[in-house]
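S.K.: Turn these sequences into a full structure, and let the hints guide you.
Residue numbers (my numbering), protein chains in the order written: chain A, 4 to 340; chain D, 4 to 340; chain Z, 4 to 340; chain L, 4 to 340.
Treat the hints as calculated values from the structure; they're not laboratory data.
Think of the CB as a built atom: it goes at the ideal place given N, C-alpha and C, for glycine as much as any other residue.
Mixed in with the good hints there might be a few duds.
[Stated by the list, open to error] Below, simulated SDA-like cross-link-like pairs (lysine to any residue); rule was C-alpha separation at most 20 Å, straight line: (1) D:K9 x L:E79; (2) A:K331 x A:E321; (3) L:K71 x D:E23.
[Said to hold, decoys possible] Part of the chain D face toward chain L, derived, beta carbon under 10 Å: (4) E38; (5) A44; (6) R244.
[Stated by the list, open to error] Computed spacing ranges between beta-carbons, pair by pair: (7) A:N11 x Z:H51: 14 to 24 Å; (8) L:E79 x Z:N88: 50 to 60 Å; (9) Z:K9 x A:K112: 54 to 64 Å.
Chain residues, written in single-letter form:
4 protein chains.
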Amino acid sequence: MIVVLKPNITKKDEVAVLKEIRKLGYKPHIMRGVERTVIGAIGDERTHQSLETLAVWPQVERVMPVQKRYKLVSREAHKANSSINVRGTIIGGKKFQVMAGPCSVEDEKQLLTTAHAVKKAGATILRGGAFKPRTSPYEFQGLGEKGLKLLAKARRETGLGIITELLSQDHCELVAEYADILQIGARNAQNFQLLIAAAKTGKPVLLKRGLSMKVEEWLLAGEYVLANENPNLLFCERGIRTFETYTRNTLDLSMIPIIKQESHCPIVIDPSQGAGRSDLVLSMCKGAVAMGADALLIEVHPNPAEALSDGAQQITLEGFARLMEELKPFIAAAGKE
Amino acid sequence: MIVVLKPNITKKDEVAVLKEIRKLGYKPHIMRGVERTVIGAIGDERTHQSLETLAVWPQVERVMPVQKRYKLVSREAHKANSSINVRGTIIGGKKFQVMAGPCSVEDEKQLLTTAHAVKKAGATILRGGAFKPRTSPYEFQGLGEKGLKLLAKARRETGLGIITELLSQDHCELVAEYADILQIGARNAQNFQLLIAAAKTGKPVLLKRGLSMKVEEWLLAGEYVLANENPNLLFCERGIRTFETYTRNTLDLSMIPIIKQESHCPIVIDPSQGAGRSDLVLSMCKGAVAMGADALLIEVHPNPAEALSDGAQQITLEGFARLMEELKPFIAAAGKE
Amino acid sequence: MIVVLKPNITKKDEVAVLKEIRKLGYKPHIMRGVERTVIGAIGDERTHQSLETLAVWPQVERVMPVQKRYKLVSREAHKANSSINVRGTIIGGKKFQVMAGPCSVEDEKQLLTTAHAVKKAGATILRGGAFKPRTSPYEFQGLGEKGLKLLAKARRETGLGIITELLSQDHCELVAEYADILQIGARNAQNFQLLIAAAKTGKPVLLKRGLSMKVEEWLLAGEYVLANENPNLLFCERGIRTFETYTRNTLDLSMIPIIKQESHCPIVIDPSQGAGRSDLVLSMCKGAVAMGADALLIEVHPNPAEALSDGAQQITLEGFARLMEELKPFIAAAGKE
Amino acid sequence: MIVVLKPNITKKDEVAVLKEIRKLGYKPHIMRGVERTVIGAIGDERTHQSLETLAVWPQVERVMPVQKRYKLVSREAHKANSSINVRGTIIGGKKFQVMAGPCSVEDEKQLLTTAHAVKKAGATILRGGAFKPRTSPYEFQGLGEKGLKLLAKARRETGLGIITELLSQDHCELVAEYADILQIGARNAQNFQLLIAAAKTGKPVLLKRGLSMKVEEWLLAGEYVLANENPNLLFCERGIRTFETYTRNTLDLSMIPIIKQESHCPIVIDPSQGAGRSDLVLSMCKGAVAMGADALLIEVHPNPAEALSDGAQQITLEGFARLMEELKPFIAAAGKE
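M.R.: Shown next as structure tokens:
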């Protein structure tokens, strides 16, 4: 930690700070600058208590941490890219992967039609929500276990792995029984108890970025998964909340190079949530592929206008087939398969 | 719903929209304007499916909802202010209330000292976290049940009601056994399963505003509590996330008049989380009182510099006593007791 | 400046950093921590070139400035509060001041009626826009010089000082001839050429906070005024841009204690722009007074529904009189006159 | 405009609204819905006064505009893409263009070295700031006219067109004499007087997006240029301000498909300002190319560590050459030359 003192403080005030630093277990190191005195407090910031409380002492101007607080998810901990094996599909390897399917599982016909269509177009994982977190209590909340059974049926018929959302600790066992990847939604991205429960199932966890989550907070939420002995973590950028209202969220594609720099875990882009508008999905996908994403998570529906949730951001089966075709040259340009 | 069509579309495209509107159960009503044709879709937006999916049809420019989506929390549903009775302390009535105590319960001495001191200074509810949601898995996570027992002891000794955070459905029964008010934290504000579980305990629920939650989303999260047959809901503004870094969050005091306009539920202000800096707490409290808040939620610690969590935002026992004194003229000016 | 090195770098890479630090005129001071080596670069950060470029060297993890970059506006430079004398009205002293008037000067009757009414209710400065910055080129752009002449007439009739917006360097001489305070709008808050030109007129300058301006940037924009030898600067918070759409802006009242801490200049609150809704103005004003603002800037119009600009945020003459009455107990509670 | 009335209002209150709508020149059209009555106010919203003031009437719940407020920049006004011809270089056509050069012009050697290097690597326009808007008055403010003369010299030697920033109306004539494209910076994006002055020079104008500018505001700022009879407008996304601090700004690449949808003007991406970190520039460029940008604006410096401004975001000459090489497959995939 770096502690910056205010100018012109008394010797006594300075000594009090040094004493407190030592009391909290750090070794202080003084540097006298032109206008300010700066104290380096030497000690492991992850095992010692934070010195940030000093910031409100009248003689202290600022306290700045030096170390990163995440460990297991960091690139330092694991130099090589890590990858996730989902029923033979490798996410985070040479091959670019596409996860696609409806926002919500609505009925057998809707799901199976979609599953066959996305598989034919080249998707390798099927997405579909059985339990849905909805802003209003009066909206469709998902088919629950019935939805999970339909997903399992679609997997049997198509061979596609399944990704579906986990939104309650109470559903952990049930959802883990059916899913190949557990998705943690943006609104639960700092629901740490859910993260721990998900980690403990042993299934791969896809962690969406919260609506106003900073990079460090996102990595630390991921750290909850790895610290609970589950190495299979995927980060998924799905748009952040900004002042802009033209799009539902602002898809922050800079997370692709940033997660690659800071972490060894794969990075997935969700352009459907990201924009909230199906007419922007193709363009977003091209950008994500070009910038080095490991996979896409795309909402596809046989008839978006009648979808029970988020119709505005789902694309049609034909639209998806076209999109997969149009992405090919960009996947090649990015050096992927 | 209002559906705005693009200019110069074909008759056929217009008819398709009208047909879809009828199919989804609304009655269309056409208005031809100067440059645009606008269709009013008449029908209850809360029971019919949303028309927002039409927004991505090529012939549609925009879809705008007309109705508010919240019902039970709204001022329309309940004209008078509602109030919550916590062991004889009325929140939402003529008397201004102050909830105070440490961020985390750390040990018996810390808690009891604080409880006696805040009671003496005029607080009527004791706050203290037994289960703590922490950004990093390596930080202090609270004393758990031991903390709850200490809170109960403090209640026995001081007579103060207890507010403490509920952060896991699994703890519902346990926390509800000890707490007089269940606090739902900002990071769980859209953890709908937790909201439902909290509501079902029958205990009053204090719902903090999420870091990037819009007014409507906050009211709808509150709707989850009332829709699960628990009328005892308090809204608590604790700062939102903005671009500003000088303060940890931006305390949005405009929520006081806004919640009063839109809802009948009491509004509480948390200036400690709101600024993340103890030196701003007093000023924030004055503003909150003047603007008509029903209560304050303040973090107080015997020795903030050695607090196990969020030391920078906790004030001392003496600071709290001074604050209570300084608030008096503002409480009087606001017409409260 | 503090330069944090990455762990496990070579000696040669470290030496290169030290060399560059010296080359840019700083004296390096090494601290070896548990996981990281940190270099304190000693030298005046305001006269030396920034070391922030080092942040992109592969062996450097982070560079953190230590000094504040503003000087003349800072509390350190001038311990006492400074105040502005506008035709005998002191802003920043014991007496609380209210500036009020229409968003735009529209015609003689509208302005004079308003001027007399706000004076009678207790306002001491008259506001009114003659040149209006409008989001669209097709909106009313103000009466220009004719508006200034009407403001001068209102001053002659009422004795109220005049504040009006300066939005172009070309108008500097003209506006300064009529105005007692030059207002710099939020959209021009970092139009540095305009700030310099305004400063050079010698008239007091009221600097609104830009829509997404951080505290440091705002203070530095103010520094442009003082550095151009004009000591008469007022800061004015008028709401920042956030994700919230219920209000037009989010009025950040925490700026009152913050500007008081960091600077000696008076702080004014504009609740009209701040919320964009006249029904929230009274509540915002109460908060601002309680938190220690030096003055308010309020939009008042004889008939807001027919105002040529921003009608939704202007209050009526009667509303203003009531507001002034309701503020009295809060002004007293805040220890002002 | 759509005016939504509150439920259960009196007939008299409704009539008052209808009267006001007519008075402001619109023709009201009533629709009675299930819970709300909605009035369509028919009339051209760009020539009539706004009805938004009605929003604060007690009987009115909301007012929603129907028309878009921009006209000349809109895709409706001009179906085909427009393009800008800069000394034979076409921006907005089949060929992808790259503008590159130093943040600030520092001296002859720095500029000429860079100009020759970027030309060799494939850039077709040279960028370089002669007048620099700086957050602090104590930072390097640019070489002024001397810088412009160096840019002219670089143009003579390399044949590259010149883009440079205009930040003051007073410099209009001077800068327009040297520049081929006038750049309006993010902090001046709503400095409407500057936009008008820039438009009137007749030179092409590149308009950066303001730090917290919504799409509609940006398009309207562009409208100021076209409405002043200058058809040569380029939009440039350079990152918006969000809560994220890992990057200096959040580059919003979704602006590429959005500007293409809403407007006929070319869209340029500035990845240097966008991230504020040179190590992210290459990845951002790939995304921008893939998503259909017409051009890039990249900061390049012979020795970024010693740059007089924004060193952290400038890339080296070698880095630029490599980047141009790496972009080739993506430019081809995007169907450009």
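S.K.: If a hint holds in the structure, say so; if it doesn't, say that too.
M.R.: Hints, one by one, checked against the model:
A threshold of 20 Å between alpha carbons decides the hint, and for D:K9 with L:E79 the separation of about 10 Å falls inside it, so the pair holds. With a C-alpha separation of about 16 Å, the suggested pairing of A:K331 with A:E321 holds against the 20 Å cut-off. Distance check on the hinted pair: L:K71 and D:E23 sit about 25 Å apart at the alpha-carbon level, beyond 20 Å; violated. Hint status for D:E38 relative to chain L: holds, with the closest Cβ pair at about 6 Å, below 10 Å.
The beta carbon of D:A44 comes within 9 Å of a beta carbon in chain L, closer than 10 Å, and the hint placing it at the interface holds. Here the hint on D:R244 is kept, as its CB sits about 5 Å from the closest CB of chain L, short of 10 Å. Our hint of 14 to 24 Å for A:N11 and Z:H51 holds, since their Cβ atoms are close to 22 Å apart. Distance hint for L:E79 and Z:N88: a CB-CB separation of about 54 Å, consistent with the stated range 50 to 60 Å.
The supplied range of 54 to 64 Å is met by Z:K9 and A:K112, whose beta-carbon atoms lie about 55 Å from each other.
Taken one by one, the earlier hints fail for this structure only at number 3.
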